[in-house]
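Using the hints, position chains B and C against chain A.
Residue numbers (the UniProt record's numbering), protein chains in the order written: chain A, 1 to 394; chain B, 1 to 394; chain C, 1 to 394.
Derived from the structure by calculation, the hints contain no laboratory data.
Among the hints, a few may not be true.
The list treats identical chains as interchangeable, and a pair is accepted whether it falls inside one copy or across any two copies.
Said to hold, decoys possible - Calculated cross-link-like contacts (lysine to aspartate or glutamate; reagent style EDC-like; alpha-carbon spacing at most 20 Å): (1) Lys340 / Asp321; (2) Lys340 / Asp363; (3) Lys340 / Asp160; (4) Lys340 / Asp298; (5) Lys181 / Glu231; (6) Lys36 / Asp321; (7) Lys144 / Glu231; (8) Lys300 / Asp381; (9) Lys144 / Glu80.
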Amino acid sequence: MADTVYDVTTWAGATVSPYVDIGAVINQIIADIKSKQTTQTTRPGAVIYIPPGHYDLLTRVVIDVSFLQIKGAGHGFLSEAIRDESQTGSWVETLPGASHIRVRNNDGHNEAFLVSRTGAPATVGRLNSIVFQDFCLDGVNASKPYLPGNGKTGISFQSDNDAVRIEGMGFVYLAHALIIKGADAPNITNNFIAECGSSIELTGASQVAKITNNFLISAWAGYSIFAENAEGLQICGNTILWACNITLSSGNRASITSNKLLSNFPSQIALLNNSSENLISANHFRRVHGDGTSTRFDDKFGMVHIAGNKNTVTGNQFSFDVPSQNITPAGQDPTIVLVKSGDNNYLASNHITSNVAAKVVLDASTTATRVLHSATTAQLDALTTNHFMVATPS
Amino acid sequence: MADTVYDVTTWAGATVSPYVDIGAVINQIIADIKSKQTTQTTRPGAVIYIPPGHYDLLTRVVIDVSFLQIKGAGHGFLSEAIRDESQTGSWVETLPGASHIRVRNNDGHNEAFLVSRTGAPATVGRLNSIVFQDFCLDGVNASKPYLPGNGKTGISFQSDNDAVRIEGMGFVYLAHALIIKGADAPNITNNFIAECGSSIELTGASQVAKITNNFLISAWAGYSIFAENAEGLQICGNTILWACNITLSSGNRASITSNKLLSNFPSQIALLNNSSENLISANHFRRVHGDGTSTRFDDKFGMVHIAGNKNTVTGNQFSFDVPSQNITPAGQDPTIVLVKSGDNNYLASNHITSNVAAKVVLDASTTATRVLHSATTAQLDALTTNHFMVATPS
Amino acid sequence: MADTVYDVTTWAGATVSPYVDIGAVINQIIADIKSKQTTQTTRPGAVIYIPPGHYDLLTRVVIDVSFLQIKGAGHGFLSEAIRDESQTGSWVETLPGASHIRVRNNDGHNEAFLVSRTGAPATVGRLNSIVFQDFCLDGVNASKPYLPGNGKTGISFQSDNDAVRIEGMGFVYLAHALIIKGADAPNITNNFIAECGSSIELTGASQVAKITNNFLISAWAGYSIFAENAEGLQICGNTILWACNITLSSGNRASITSNKLLSNFPSQIALLNNSSENLISANHFRRVHGDGTSTRFDDKFGMVHIAGNKNTVTGNQFSFDVPSQNITPAGQDPTIVLVKSGDNNYLASNHITSNVAAKVVLDASTTATRVLHSATTAQLDALTTNHFMVATPS
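Next comes chain A alone, as it looks inside the complex (with noise of 0.2 Å):
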């Protein structure tokens, strides 16, 4: 075998049973990956498996190489939640499984994994092509809305970082599954986050970030996805529910087509404080009533919100269901979409159903909103003059 792979199971290095402190082993084989690998063009990286097993982590893992690679053998995804609200006596199994690892940190610190190298310029610091892939993060603890619950974080890039990957991981009661910083082409896929206050977090700001093909399954008090001065993030054919919650802030050029959105809340994807040139298209968006409660968004906010310019919203399907003592405020219209601001957003081909009379609303302050095909007379409601209307036949 090269001296490049490692088994947490059986590395003879390591001062502590993986069972038990899984996180001092990963840093202490991080430390013999630096003792071999010393120079700048000496520096691939390892791969570090993760047999299943049932694993603790107390001490937190820094990661400070490039190209590592931390691998299991499945997300070992069980519902958490349901065996909480349920007689498990019967139960075969209480665990998650597969590679699970327990987050149950001891050190003060709230990370199982922090990806973090000082220096400067930051060019020393980013990280490159680090992956996490198959293995399950497991709070152990919490109660819903997971925010800020335990307050633990599954994963937390802290230096600048390029081209990492997060593929086939589960996350669970986890107050933040995944937090990156400075992310450029980060590829984020295939993954099963639930049960977490928020999933997906880009913090600072993010290049060409890549969501794709996951289940995000967070409760009411986060962000099933939030991004920050985001430009060119692409989050295509996820299946994201229960509190299906997309946030941009200050994001440009966002792609977010193809993707299956279920929430029991308002806000399914808000794009605020001038994110602009955005385009939502061919989701599906639902919106019924039931686990949960939440006084963050009232149905005025919208199922989707633009607050910005030139944003594009076409090919959508907008479902919804609520009963309507249930709608805040009493007695109002749902609304489906609404432009809060900004000049020239376009809405095209659009099909909004719904148990009560639900609207498309453009703010006052908004300017030459185009509404094509997207609501019928009655379901729109324009608070300006500056807007042009085809209406949906009815």
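Leaving out everything else, chains B and C in the frame of chain A:
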């Protein structure tokens, strides 16, 4: 090596060669796992590796543990149909390969893999996060259209299940490739299912199943995807051909987007038995005439057939090219989209091209269908006045 | 361990170190496979693992067996362009990593991997289900725009092939990253191809190729995706940038949907030589001015260029932002979509935003183009009266 890692070719506990009966070996491994993992909180499951090789399966595998990952080294597809129609004397290889399992049950069962755990209540039986990845299930002998054919099934889930994964698998020459009953959030991605009767069947009822990025190549007797009572199904980014047939029976809030759909037969997507609020967007539909004959549907059935309410068809291309003598009933114009029943179905921004006169048909029973820039006046055949038309100009 | 599992670093049959010439080692492994797998029904192939490390490749690998899986532990991308433009004295690592192969042929060939098997008829030569997964091919030295550049090719398939897979791979600093001739149902997904001349080239003719969920980052001299005589190509969910250029020559029934497309140059999608019945839907197009210069196309060529019949462009966002002094020919309005030739092309529900006056142009030779809610009256430049316009209201 951790004791949760098995290799079918090296595991000392096997009483038979995996090349003779890999089914028996995997059953023995599962028994070994169960003998070692004996409490509710000590059942992480295991990984079972299948290295490249030709394996026979004589005995059905019964999986009744969660978190099991069965993993090979490739889907190993080789077209057995082309082989069986060719002179193969000079061929280099004539079998599928990689981690290749020949399904040859001599145990009286039809399935290679049955996932089932008995017990009550349902949560006891519910199985979590089982993974089938990167191996080939081959029915060995078959003839078109493969259903009922040899009657063999690749994988059948018959207990309620959560978050299972079918990824990178190959299926060939099976009557039923993959059946999942009672699925919650299954992930079926990146598979190669070809020359089977039916590719994917979601029976009973399912929640938020995700079927993405697959090749599904079925013949004309079965289904590419069949789902009954499915809520929130996501079908995205698939290439489905030969006889693409996606059928939902009482399926609601599905999102069928960005797929490439090719067929020699009608009924590429059928929404039956009051399937409602489904989205069909950004798909490419192609209808040709070629291999195979079937009287299951005639050309009045529609490339898309809708029986339900509030469905949306937007942003699709429909490309019909069948010699007029092959259209049935003889002398009739073929139907591109048939709205068979229901209220408030919505078609917008679809492009129909055809070598013959082709129609969007609204049945007499339908109400309030919108047909917006989706047909020229000549392309609409409305059997009711209760509809709204904005014709594609011509 | 089964004898179908090889590790380049431990295989006893190698006569040279894989770090010195991994190409020679893999060729020796292939010879070993062929010596052991000698009949039509005993050729399952093998898996060859490449652990993390820096490997040189001096000798071209020739793959003439089906079902081979070559697999590493990560795409290992590091931006060599940024490196070469920076002071790297303080950088921690200056090479790509993970399973990192430096392409340094000294054998007179240009390819790192050639997939080719001679023989007649074609089915004899046809190679099935070969897999390249999760390693890095690095051209070592290059300068923009990388074509003709160092002339190196990463992987070239030159025999007809079926169901091959390119997944999770990294390519950097190559003139041609991936060439596949004569492809049937190849699966190209989840790769990171960057700083190459051309990313993906499907030559000869292809059937139902699927290109999904990739990062493709090419410079301006080549192509992101080039396909000739492609039938039924699927391009979905990719992020393509820097100089996004998808070109189809005589390509029919392609589906190009839900992609994020960014370029510093015209011709983001070109449908040439009578490419017909293709679908371009739900894509985000962004055109900026920045790195690189090229006279290959001027701004009259179109961000989308259509020469063919019955194509569909729907539900896309076009975002043009180039300083007027950088637009060519000087003083001209840039073209967003050029319908250069053909009948019955269809544009609907597209949103064009631009910092300057920008146009949809219908050439004088074109007939029956529909432009529906895709341009304001001012944005249409129709050189023929043979068209139909429903203007975006303004």
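Outcome of the hint check:
1. Neither within a single protomer nor between protomers do Lys340 and Asp321 lie at most 20 Å apart by alpha-carbon distance, with minima of 23 Å and 24 Å respectively.
2. When the C-alpha separation of Lys340 and Asp363 is checked against a cutoff of 20 Å, the pair qualifies only within one copy, where the shortest distance is 5 Å, while the shortest distance between copies is 39 Å.
3. For a Cα distance limit of 20 Å, the shortest separation of Lys340 from Asp160 qualifies neither inside one copy, at 33 Å, nor across copies, at 44 Å.
4. In this assembly of identical chains, Lys340 and Asp298 lie within 20 Å of each other by CA distance solely inside one copy; the values are 14 Å within and 38 Å between copies.
5. Taking the closest pair of Cα atoms, Lys181 and Glu231 come within 20 Å of each other only inside a single copy of the chain (13 Å); across copies the shortest separation is 35 Å, beyond that limit.
6. With identical chains, the CA atoms of Lys36 and Asp321 are never at most 20 Å apart, being 60 Å at best within one copy and 48 Å at best between copies.
7. For the homomeric pair Lys144 and Glu231, neither the shortest alpha-carbon distance inside one copy (32 Å) nor that between copies (24 Å) is at most 20 Å.
8. Taking CA atoms no more than 20 Å apart as the test, Lys300 paired with Asp381 passes inside one copy only; the shortest distance there is 12 Å, against 40 Å between copies.
9. For a Cα distance limit of 20 Å, the shortest separation of Lys144 from Glu80 inside one copy, 11 Å, qualifies, whereas the shortest one across copies, 45 Å, does not.
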